[in-house]
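Q: Chain by chain, the residues run as shown.
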Amino acid sequence: MSDISYPVMDSAADKLTTATGKKLSDLTLENVLAGTVTAADFSITREALLLQAEVARLASRRTLAENFERASELVGVPNETIFEIYELLRPGRAASADVLKERARHMRSVYGANRIATFLEEAAAAYERRSLFRRRY
Amino acid sequence: MSDQNSKPPLPNRWQRFNQWDKRPLRLDRFAREDAKNGFAATNSPADPKPSLKISQGKVVQLDGVAEADFDLIDEFIARHHIDLSVAPEAMALDARDFARSLVDINIPRSELTRLAKGMTPAKLAEVMGHLSTVELMFAQTKLRARRTPANQAHVTNAKDDPLQLAADSATAVALGFDEIETTMRVASNGWANALGCVVGAAVGRGGVLFQCSIEEAEELTIGMAGFTSYAETVSVYGTEGSFIDGDDTPWSKAFLTTAYAARGIKARCTSGGGSELLMGYHDAHSILYLEARCLCLQRGMGVQGTQNGGIDGAPLTYSVPGGGREIFAENVMAALLDLECASGNDTRASSSEIRVGAKIMPALVSGTDFICSGFGSILSYDNSFAASLFNGEEIEDFLALQRDFVVEGGLTPLTEDRALDVRRRAVDAVAAVMEELGLAQPRDDQKASVVFASGSLETDTFSAGEVVAISRKIKDSGITATDVIKALHKRGFVEEARNLLSMLRLRVAGDHLQTAAIIRDGRILSAINDPNDYAGPGTGYRISEERWREISQMRDSIGRSDVFGLGARPHDGNSAYALIPAGSAALGRDEKEVVIGLSPAWGIDIHETTAGHKLSDVLDALISGIENAGGTYRVVRVRHTADTSFLGLTAARLSGSGYGIGIQAKGTAVIHQKDRYPHMNVELFSMAPITSLDHYHRLGANAARFAAGENPEPVLVAYNGEALLAKHHVKTALLFAAETGATDPSALPEELRLERHT
Chain F
589 MSDISYPVMD
599 SAADKLTTAT
609 GKKLSDLTLE
619 NVLAGTVTAA
629 DFSITREALL
639 LQAEVARLAS
649 RRTLAENFER
659 ASELVGVPNE
669 TIFEIYELLR
679 PGRAASADVL
689 KERARHMRSV
699 YGANRIATFL
709 EEAAAAYERR
719 SLFRRRY
Chain V
956 MSDQNSKPPL
966 PNRWQRFNQW
976 DKRPLRLDRF
986 AREDAKNGFA
996 ATNSPADPKP
1006 SLKISQGKVV
1016 QLDGVAEADF
1026 DLIDEFIARH
1036 HIDLSVAPEA
1046 MALDARDFAR
1056 SLVDINIPRS
1066 ELTRLAKGMT
1076 PAKLAEVMGH
1086 LSTVELMFAQ
1096 TKLRARRTPA
1106 NQAHVTNAKD
1116 DPLQLAADSA
1126 TAVALGFDEI
1136 ETTMRVASNG
1146 WANALGCVVG
1156 AAVGRGGVLF
1166 QCSIEEAEEL
1176 TIGMAGFTSY
1186 AETVSVYGTE
1196 GSFIDGDDTP
1206 WSKAFLTTAY
1216 AARGIKARCT
1226 SGGGSELLMG
1236 YHDAHSILYL
1246 EARCLCLQRG
1256 MGVQGTQNGG
1266 IDGAPLTYSV
1276 PGGGREIFAE
1286 NVMAALLDLE
1296 CASGNDTRAS
1306 SSEIRVGAKI
1316 MPALVSGTDF
1326 ICSGFGSILS
1336 YDNSFAASLF
1346 NGEEIEDFLA
1356 LQRDFVVEGG
1366 LTPLTEDRAL
1376 DVRRRAVDAV
1386 AAVMEELGLA
1396 QPRDDQKASV
1406 VFASGSLETD
1416 TFSAGEVVAI
1426 SRKIKDSGIT
1436 ATDVIKALHK
1446 RGFVEEARNL
1456 LSMLRLRVAG
1466 DHLQTAAIIR
1476 DGRILSAIND
1486 PNDYAGPGTG
1496 YRISEERWRE
1506 ISQMRDSIGR
1516 SDVFGLGARP
1526 HDGNSAYALI
1536 PAGSAALGRD
1546 EKEVVIGLSP
1556 AWGIDIHETT
1566 AGHKLSDVLD
1576 ALISGIENAG
1586 GTYRVVRVRH
1596 TADTSFLGLT
1606 AARLSGSGYG
1616 IGIQAKGTAV
1626 IHQKDRYPHM
1636 NVELFSMAPI
1646 TSLDHYHRLG
1656 ANAARFAAGE
1666 NPEPVLVAYN
1676 GEALLAKHHV
1686 KTALLFAAET
1696 GATDPSALPE
1706 ELRLERHT
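Chain order of the listed sequences is F and V.
Last residue of the first sequence: 725 in this note's numbering, with the numbers rising by one and none dropped.
Last residue of the second sequence: 1713 in this note's numbering, with the numbers rising by one and none dropped.
Be a bit skeptical, because a hint or two may be false.
[To be verified] Here are the simulated DSS-like cross-link-like pairs (lysine-lysine), alpha carbons at most 27 Å apart as the crow flies: (1) F:K689 / V:K1013; (2) F:K611 / V:K1441; (3) V:K1428 / V:K1441; (4) F:K610 / V:K1441; (5) V:K1441 / V:K1430; (6) V:K1430 / V:K1445; (7) V:K1428 / V:K1445; (8) F:K610 / V:K1445; (9) V:K1445 / F:K611.
[To be verified] What the simulated footprint calls covered on chain F by chain V, stretch by stretch (three residues with Cβ under 8 Å from a Cβ of chain V suffice, anywhere in the stretch; the number is not a length): (10) 626-634; (11) 637-651; (12) 674-684.
Hints listed in this document are in silico derivations from the structure and should not be mistaken for laboratory results.
The beta-carbon is built from N, C-alpha and C at its ideal position, and this holds for glycine as well.
Model the full assembly from the supplied sequences, consistent with the hints where possible.
A: So this is what it looks like as structure tokens:
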């Protein structure tokens, strides 16, 4: 499959960069103090999640790998959008399956989030079948 | 007539029941088995038979339910959990055969988890049903995801005081916890709680994972700011009704776990027997079957692990017949599904200390990824989650269990110096950060009160309103963990700054997102690079010599030097008289005489009894008793034996009356008669630790009365049932070794003359 070895922190230190393009070796106390490394550098990246998905899959953990792959699509998605989607997925929040399907289209077109979109469409169908699109408050 | 009337009427009940009624156990309620109403640990008639149908690469029937009738949970399990490539093979296995393979050291974990991924909830519940508690424990030893067991602490307090949170977090780290979980009394205090804990957790060693349990959006935001590194608040349920009542669905929860991963935060779900029953949607299923659904769902969601085994429902599940076994079966099932398992034990499930201690044993002895998903490292009243199974009061009890059974519970004994050091350091560090970031100016007296306090009732610290203001300020001014690092460094807390930075660095690569990850010595340890490879004796996790030294160090352990050291001899050279050897002891002629036979080490190596009486006082008591009863005495030192019976018999055979007293320096004494068998003594004081000088006095008197041909009432030492042996036997054994060491088999009894110093 690949030469990926764990921990990725050690094996892929050269390959991985932070959200602002710095190397892992740049994440030193000195750089934090100097302000050249900021809070934004300490978030996970799409690439790291895909590497972790690979590690999980090699360890026969398919579902964990799929979760990391879905997560890789949310790295660039703002918190507010994530909470909107979470809210829509709760029972009775969306008025119809169309609302979820529309959100799926949006995630696909704006963020290229195909796995997330498929996941939302799957939820829409399940909710429809189980009559979840009803008012709760 | 009047005598009869004054007697109380006979009770109409065996009085033992009255005593049982008053025991703490009776505060627990015990539920009758009643499957129809959800009170069945396992095997409810309503539980389905395991079944699975696959058609055209799709599950079309699951545990007797056709695809068209799938509820949300069935559908999610069918779509995401069931591994179609192994399902036909796995479902065809005989459940009992598979249960046997779980306890077969020749079948590796990987083969078992491979097959479990093709099993339905009903199948898994059926498999678990074949295992006894001891078999479950053995299976758990084999199935745990991470080789090295660990433990998680609750760190909270009733005042949401960030100074105390810092001190208690540092204490928890020093005790060895690998994860710390906090929550608060006032929801808006989340940010202050996070700051207190994260700074405290950076004291001593880096690498402790931290979570702040709060509403999802807030939790994710606090995580984004770099304060937290894991979350375990993603609850799932085994019935659709409970799920929807809990305002979620499998998809909403799965999405949330994805969101945590997308922010580099380790996540585990929460489920646990009894939750559906509490929420009123049990569908008449057994607790174990419902948990099987929860766990299949979690695996399908792709979360790395679970916090399960009763959890909030543990007291309810524990009330049901077989509840203890069921709760542990939940943990084993999680491990079988290849999930990290934080095995509950985070709720005080009983008022009986015996039931509490027993409940921890399966997880502690077999080892889970986290023995407790929240050990109350603080006092029970400070626990904002409600009291845990074990709390701050009982940490040393837990340490004793680790030591007794040579098991890894993740904790390490703490010395008094170390506790104060880390607490002081943590309070100073968080106070410095607060000052640097303009959050507060903690006073010295406030800081000091927290350092020494066992719980928040003893602290003089921020008011509730001040904490709310601190928390709001952190949130509103957008303070992140990098600001905290800078503040720590600026004020000289360089090591703590580095430790906190190492936690931030983790999330860039995400290694801690893999199954069962913890951080030890700056290195990730997870099911990937520390996989459980147990395959029978000599394999898997073994306590190293170094680790054993830590575990076995119980506070105030005593050894020979403590019993015989300088400090332990307060009566040495402090006697009212000297015992002067006066040649070989001869047979006495005085018919009123009682010979007192002292043991070989009396007054030489040993100077007080286990009850703490000065030996000269004890001898005085015996002598005054003899003389008061009209007898005379002679003192000899027996040197060929240290055994009480033989001491007594030797003394009796030297005595003119035929009666003698044998006494060991630790205080055990006997009256003997010269014609008796060695072990058929006249009277025995075997409970030296509770024998008083008055008892010795009366023993002396009785010996004199026997010598005079009387038959006195025996002297009884009242015993209240306390664990005397646990309290005294270490010292007793060491003392007695000195006695046996001083014996000389060929030495004859020696006459002793008492020379008063006055």
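Q: For every hint, state whether the structure bears it out.
A: Verification of the hints:
1. Between K689 of chain F and K1013 of chain V the alpha-carbon distance is near 23 Å, which keeps this suggested pair within the 27 Å criterion.
2. Taking the CA atoms of K611 of chain F and K1441 of chain V, the gap is near 20 Å; set against the 27 Å cutoff, the hint holds.
3. With a C-alpha separation of about 18 Å, the suggested pairing of K1428 of chain V with K1441 of chain V holds against the 27 Å cut-off.
4. For the proposed pair K610 of chain F and K1441 of chain V, the alpha carbon gap of about 19 Å is at most 27 Å, so the pair holds.
5. With a C-alpha separation of about 17 Å, the suggested pair K1441 of chain V and K1430 of chain V falls inside the 27 Å cut-off, and the hint holds.
6. For the hint linking K1430 of chain V to K1445 of chain V, the alpha-carbon distance of about 22 Å falls within 27 Å, and the restraint holds.
7. With a C-alpha separation of about 20 Å, the suggested pairing of K1428 of chain V with K1445 of chain V holds against the 27 Å cut-off.
8. Simply put, K610 of chain F and K1445 of chain V have alpha-carbon atoms about 24 Å apart, close enough for the 27 Å limit, and the pair holds.
9. Our distance criterion of 27 Å between C-alpha atoms is met by K1445 of chain V and K611 of chain F, whose separation comes to about 25 Å.
10. With 7 residues carrying a beta carbon less than 8 Å from a beta carbon of chain V, the stretch 626-634 of chain F meets the three-residue requirement, and the given coverage holds.
11. Proximity of the stretch 637-651 of chain F to chain V, defined as three or more residues with a beta carbon under 8 Å from a beta carbon of that chain, is established by the 10 residues found.
12. With 4 residues having a Cβ less than 8 Å from any Cβ of chain V, the stretch 674-684 of chain F passes the three-residue criterion, so the hint holds.
Every hint, counting from the list given before, is met by this structure.
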